[in-house]
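**Student:** Since the structure of chain A is provided, determine the placement of chains B and C on it from the hints.
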Amino acid sequence: MTTELLQPLIYDIGSPGRMGVNLPECDVPKVELPAALMREDLPLPEVSEVQVVRHFVKLSKLNYSIDQGLYPLGSCTMKYNPKINEDAARLPGFAQLHPLTDESGSQGALFLMRELQKWLGEISGFDAVSLTPAAGAQGEFAGILMIRQYHRDRGEGQRDLILVPNSAHGTNPATVTMAGMHVHELPSNDRGNVDMDALHAACEGELRDRIAGMMVTVPSTLGLFESTILEVIATVHDAGGLMYMDGANMNALMAAVKPGELGFDVMHYNLHKTFSTPHGGGGPGSGAVGVNDKLAPYLPGPIVEIVEEGAADTEEPVGATLESPEHGRGMTRASQGSPLQTSAGEGDRPPLYGFVMPEKSIGRLKAFHGNFGMHLRAFAYIRVYGDSGIRDVTRYAVLNANYLRAKLMRTYKVPYPRYCGHEFVLEGHFEDAADVHALDISKRLMDYGFHPPTNYFPLIVPEALLIEPTETETKVDLDEFVEAMERIAEEARRDPELLRNAPHTAPVRRLDEVRAAKELVLCCAPALSR
Amino acid sequence: MSYIPHTPFETQQMLVEIGVATIDELFEAVPATHRFPKLDLPPPMSEMEVAAEMLAISEANDHAQDFAIFRGAGAYHHFIPSVVNHMLLRGEFYTAYTPYQPEISQGTLQATYEYQSMMCALTGMDAANASHYDGATSLAEAITVALEATRHRRKKVILSHAIHPHYREVARTYHQGRDIRIIGDRGRGEVVDLMEMLDENTAMLAVQYPDFFGQIDDLSTLADAVHDAGALLVMVANPMALSIFKSPGELGADIVVGEGQPMGVPLGYGGPYLGYFAIRQKYVRRIAGRIIGETLDADGKRAFVMTLRPREQDIKRERATSNICTNQGLMALSASVYMALMGKNGLRHVGELNYHKAHYAANEINRLDGYSVDMSKPFFNEFVVACPRPIARINEALLAEGIIGGYDLGAHYYHLTDRMLLCVTEMNAKEEIDRLVEILGGLG
Amino acid sequence: MGDWKTPANLKYAETDEWFAADGAVVTIGITDYAQDQLNDIVYVEFRDAGEELDAGDSFGEVESVKAASELYSAVAGEIIEVNSALEDAPETVNADPFGAGWMVKVRTSDLAPLGGLMDAAAYDAYCDSR
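Chains as they are written, first to last, in my numbering: chain A, 1 to 530; chain B, 531 to 974; chain C, 975 to 1104.
Chain A extracted, bound-state conformation (with noise of 0.2 Å):
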């Protein structure tokens, strides 16, 4: 059976000899192409710049996005992307520089890399931060390098187990795998805390000397700060083992309480949550990495530094270290020397920054120096926010979840009912509808017009419906979001059918991922004609 898609693909709408763009004729004499090296068919599309046009914007319709409503993804953290920092990108000073500039030539990059470094040290309370990793995932390896390079350091090679909760996210065990090191996994208790006895027990027993470390997630994965952390930080330092914990649920901890004084060691954080950055449809992040002084030698690198001190004080804040825009623009910049003049008088000489590699760095994880892009608009959105808003970011988005939690608790199992951090878990599942689960809700859901919470994860909660609201949507919305989540439970025990078939209303219904996974039709077939 071949039916149409929603949307031809766009070999599809193409004739031989359109094109989508128009081009400069070649104003330099042509020398002869080595024929022997020339490829003979290039089976790319051929349509116009109109048809390119509607075909993405009608594809770009099938989508739901945070722009479109409410998006209660946990762990994502699927907060509100501002657009001045979409603008801000886009700047030809940003979007038009290479990345391997000279550092006179862009010292307005390296000086945003830098505060923003010195920033999210300071919001986690760590010494030094590298900013070079491009995604959560990459952070995480980083700091696992980080932690066996630290260890073989000090003769003590043999630390290879690195303790992961069965709650953690999929990422930290296999982060662990590639990094050469094994994973020891702990049990969670009823309260979803780590169990206590199990850590003792790998801190204390016949592996203590194999303890290289521990990846905690703060507040866990199911939305709860851990009241022992101090213990479980203690319990594993006291083995020799480092403390990475998994920022990804940083935006419960902003001006709450800093990661670096609770006594861990490293942490990366997610730009693309907790600071806006957007997500783009899976990409691109930024995974930021911050380190106490015993890991600073390690961090991948390059890092930014002052390499050269300036002639007045130049720790001021950052508006007054600037010069207006009008000064230095283009070509006769150059001679100017670096723009990021002092406000102090006349004749100061403003640092130079420059990049670094840190002494034992673990290497570099990309080419050039991690996602420029997300590392502006990061700066960005913590430059709107400043010192109390970024307070309240996480106080709201805290009050959120907190709120929503209380609301569901009428219709829904919580399997923890205590106060949760900027994210809870439901159960989606009824014992008097026990046809209906948690994937049939969140598919019902998008009928009242949301994207679904995350199902099934964390793993430890059967049919878990992890709800994670952010700070920036309204009591409104929140109060719309309950709503269709009772009507649905409503739904569960009259017409348990009309869940089990949810999506009616997407552009399609429930997809066979079997006939996926056999066929694996990856590739349309024009694309193979050569």
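It is worth saying that the hints were derived from the structure and are not from the lab.
Beta carbons: idealized from backbone N, C-alpha and C, even for Gly.
Hints may be right or wrong, so weigh each one.
Stated by the list, open to error - Selected chain B positions facing chain A (Cβ under 8 Å, derived; list incomplete):
1. Glu558
2. Ala562
3. Leu838
4. Leu871
Claimed, not checked - Sample of chain B residues lacking proximity to chain C, with all beta carbon distances greater than 10 Å (derived):
5. Thr552
6. Ala594
7. Ile712
8. Pro840
9. Asn875
10. Asp964
11. Val967
12. Glu968
**Tutor:** Chains B and C only, in chain A's frame:
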């Protein structure tokens, strides 16, 4: 409060519902000794002020709108049609998450499927994933696939020294915890020298195409030699060069990786870029990261879904071969829109413009006293120039004239001091090239 | 107990493989319980015939839409045959796990490890308890 919408009255209503008097009470589980630290951050700013500050910071950079740029070395200044940015700015794309809920994500899913298809077309491979972080991490992930495909019995990975230095560094960072050896790139070995290193302990051999110096080696016998040794051939390819040159598939590669930035992604000070990863059917189930496949919905309608999911870290956990989760999805969309606009004929035209302009510049510079261009092998849009003075001095002089000059190869290759890697693209008009040549001539 | 089949003449491992010895040749597959838990199997991959296994080694992997499981051999020896028909029709494992869905044959010189495995009754009790 910037992007927080709560009115004081609503906040009170919500607190009543929860049953607490203040928001602070919700943080009772945080150890009291460490609760509510002060943050030493600058004060808040209005949108107007932030816009002005971002502009000021951005203008403290020497960018390609103010300068003529002849620098490449892994990041390229190419023309990006206006449509690309307009599609990228659609909130439906950039404010969506990973398409885990396919019923309301068909836009992202189909655009990614089309990206995969066009990457297959360009590389001559059978499947491509939805992206890695950048070209360097794609190479690191290719090493993992090769080690898996040879079942971890082979411990040797051969990399050409003419692969981007950052990529080789990243490969070493990624695999420092493994019991393998990465060799081949310490000297100046030619492809034939690398072929001699192949043995029954070799998992893969990787070359760059065109290489870091812009050149194209004779690769006609390479694939057979690698395959005879039971290893995989990995090619790091500049997709823009694939517009005119033979596809790596035609040359026998098993995995093709590289940086997709030249296709619709701005220079952006090095990121976010686009790591592409394409592979032969034989190895498709070893691919890491997200991949989109076609299927049917409950009504029999054709649609798209993320597939091969059990390979990913959230299901396989410590047995997963990669921890990748977030990728560079939006950059894949850029490339998708870019390739669709350019199409079969446009992309070839851009490729030819690069070739002709680079050769025009190279020939002109080669005529200058004191300069010589390495013409020993065919090249695409980059070439190596031996200069009569230290590169830093030359670049200083060029900058004063509004030109960002080539990349100083001495920074990474000790035998290439006073050698500059120059890049010429379709963005460099003839007048710009002539001016570059004139200034260089004056420095000779 | 659940409604899965557990033939009486086989030996069972905790990792849900079944073992049938015929002289020195041991045939291995996964149980009905395991295929039911995995749901629709979409892919199988085995190590090559001719390869040597130690007891406890993985001989391959089976994958459904939701899970991927490693397959383990309780016995040491040489893989003398793999059921390559499953590569194109992995659903056979769901349909007939103890028959056409067999996976590999291993020639061993040491049958002793099979003595330490569960019999059908013990395996049923084990599955019930999960």
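**Student:** Each of the hints needs a verdict: does it hold here or not?
**Tutor:** Do the hints match the structure? See the list:
Annotation: interface hint on glutamate 558(B) holds; nearest CB of chain A at approximately 6 Å, less than 8 Å. At its closest, the beta carbon of alanine 562(B) sits 10 Å from a beta carbon of chain A; the interface hint therefore is violated under the 8 Å criterion. Satisfaction of the interface hint for leucine 838(B) is found here, the shortest Cβ-Cβ separation to chain A being roughly 7 Å, below the 8 Å cut-off. With its C-beta approaching chain A no nearer than about 4 Å, leucine 871(B) sits inside the 8 Å limit, and its interface hint holds.
At the 10 Å boundary, the C-beta of threonine 552(B) stays outside the reach of chain C, the nearest C-beta of that chain being 44 Å off. At roughly 46 Å, the least C-beta separation between alanine 594(B) and chain C is larger than 10 Å, which holds for a residue marked as non-interface. Consistency note on isoleucine 712(B): stated as away from chain C, and its beta-carbon is indeed over 10 Å from all of that chain's, at 26 Å minimum. A cut-off of 10 Å between C-beta atoms contradicts the statement that proline 840(B) is not in contact with chain C; the least separation is 4 Å.
The claim that asparagine 875(B) lies off the interface holds: its Cβ sits roughly 40 Å from the closest Cβ of chain C, which is beyond the 10 Å cut-off. Even its closest Cβ contact with chain C, about 59 Å, leaves aspartate 964(B) beyond 10 Å, as expected for a residue assigned away from the interface. The non-interface label for valine 967(B) is consistent with chain C: the shortest C-beta to C-beta separation is roughly 58 Å, beyond 10 Å. Consistency note on glutamate 968(B): stated as away from chain C, and its beta-carbon is indeed over 10 Å from all of that chain's, at 62 Å minimum.
Hint check: violations occur at hints 2 and 8; the rest are consistent with the structure.
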